[in-house]
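**Q** Chains as they are written, first to last, in the numbering used here: chain A, 1 to 173; chain B, 1001 to 1280.
The hints are simulated quantities; they were obtained by calculation from the structure and are not laboratory data. Please read these numbers as outputs of a predicted model, since none were measured by experiment. Even glycine gets a Cβ: it sits at the ideal position worked out from N, Cα and C. Just to be clear, a hint being listed does not mean it is correct.
Straight-line distance between alpha carbons at most 16 Å, and here's what the computed EDC-like set of lysine to aspartate or glutamate pairs gives [said to hold, decoys possible]: (1) LYS161/A <-> GLU173/A; (2) LYS11/A <-> ASP157/A; (3) LYS1254/B <-> GLU173/A; (4) LYS1258/B <-> ASP1242/B; (5) LYS1152/B <-> GLU1188/B; (6) LYS1258/B <-> GLU164/A.
Derived CB-CB ranges, DEER-like [what the hints assert, rightly or not]: (7) ASN111/A <-> LEU1055/B: 24 to 30 Å; (8) ALA121/A <-> ILE1121/B: 36 to 42 Å; (9) ASP157/A <-> LEU1038/B: 40 to 46 Å.
The residues making up each chain are set out below.
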Amino acid sequence: MKWLLNFLKGKWLGHPLHPILVHVPMAMWPGALIFDLLSKWQIGGNAMVRLSFYAIAFGLIASVLAVTTGLIDWTGIKKEKPAWKIGLYHMILNLVVALLFAINLGLRMQNFRDASTIAGAPLLLSVVGTVLLIGSAYLGGMMTYHYGISVARMSKDKWRKIAEAGGANVPPE
Amino acid sequence: MLKDFLEGKSLRHPIHPMLVHFPIGLFLLSFLLDLASLAFPSVPSLVRDSFYAMLLGLIMALVAAVPGFVDYTDIRSDHPGKRTATAHMILNFMVVVVYGINLGVRSSSLLDPKISMGPFILSLVGVGLLSVSGYLGGHLVYDQGIAVGRHKRHLPPPRDTIHLVPPIPGADAVFVPVMAAQQLRERETLRVEIDGQVMTMAKVDNQIFAFQEFCTHRFGPLSEGKFEGFNVQCPWHNSCFDVRTGEVTNGPAKINLKTFKVEVRESKVGILLSRETKSL
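Pulled out of the complex, with its shape left as it was, chain A reads as follows (with noise of 0.2 Å):
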């Protein structure tokens, strides 16, 4: 279990795995909203009705190892740290975007094949969805560039060589 605990934290690659994972639903389910934003628009058909859908399931199936590695990465965060309650706003959220772009794809499985424009509630859902979902990485983005979480991590060995040999006092190992 450890080795995989290792993994999910990306021990491996040196960094952390969340923010990586999170680009792929951070780029498609805004994204689908333009499409079908587009759909409705009449440009581009049952084309964009397609990569719409096809954006929301490859979101959808990311986002299965964005909140895995999130959960991991939020349980290393002490309780008593500002970024804790930032953390659990940010996943709360995540987990209601999530649902709603299932029910969003749930709900377009029936005729993305042939429809040549989005209907009404899934392009409601989109929008619900995406501002939610701009909101929650506003979140995780304060986290990284405000609070530091992850930021020297993995690398603090490197950085203490290097204010060694500045002549720095450094904390015990």
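Knowing the structure of chain A, use the given hints to seat chain B on it.
**A** Okay, now just chain B, sitting in the frame of chain A:
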């Protein structure tokens, strides 16, 4: 200011990493659709779908390049991340060219049931280059801390490290003038290296202080830190130190900073480097 906007200071986030999700995801999707067209040629419009995904990806790649370039110019020239960033930029430029050619090549055969070999190979090359480049981008953030906590600071970080040599090597105490310290503005910083000691010099409340450059938590760059009162805050994990004494005023750091004596001699500002500070 336009530069602050493109660095995402008002959003309290860098903008480039937000935008890059789109080209990475969409180029990957177009590659999967290419593969799908080879595996399931009976499914209609896969080749066309791949084209549209790639087109949107390329548009977003060009948009992402603008704040990316601005972020690049902000990295200190001798930062270990500068070379990574240069490689990241060159690779991304190649990715854009490869996808530009790819779109041009496939634009005339959008109704084909299967993608032809030429554009498929270009997709393969594109995804390969993009993966390496994306990895380097992640390296810049998660290994080298580029743009982490940058929005907290109002003044630009030092552009270079100033390297100085003590005039009398081996003496018990030597005064090393730092010319650039004369022109420091309030809360502006210098990154100075004297005889192997790397330090931040900062002007706080009209006085100049000098302390070790590296945070004692995970060694973040204090010359890029934020100043509040007499505190410097590390951009990475927000540890705070008193610039006068080097004492930790807020964690996660637990060890105090090494501080250096700043003196004015013959109206020159400089560091008094003594044997004790060297051996400490």
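**Q** None of the hints should be skipped; say for each whether it holds.
**A** Checked hints:
1. Proximity of LYS161/A to GLU173/A is assessed by CA-CA distance (about 11 Å); at most 16 Å being required, the pair is judged to hold.
2. Restraint check for LYS11/A and ASP157/A: the C-alpha separation of about 14 Å stays at or below 16 Å, so the hint holds.
3. With a CA separation close to 13 Å, the supplied pair LYS1254/B and GLU173/A stays within the 16 Å bound.
4. Under the criterion of a C-alpha separation no larger than 16 Å, the hint pairing LYS1258/B with ASP1242/B is consistent with the structure, at around 11 Å.
5. The suggested pairing of LYS1152/B with GLU1188/B holds, with an alpha-carbon distance near 14 Å, which does not exceed 16 Å.
6. With a C-alpha separation of about 12 Å, the suggested pairing of LYS1258/B with GLU164/A holds against the 16 Å cut-off.
7. Between ASN111/A and LEU1055/B the Cβ separation comes to about 25 Å, which falls inside the hinted range of 24 to 30 Å.
8. A hinted range of 36 to 42 Å holds for the C-beta pair ALA121/A and ILE1121/B, which are about 41 Å apart.
9. ASP157/A and LEU1038/B have their C-beta atoms about 45 Å apart, which keeps the hinted 40 to 46 Å range intact.
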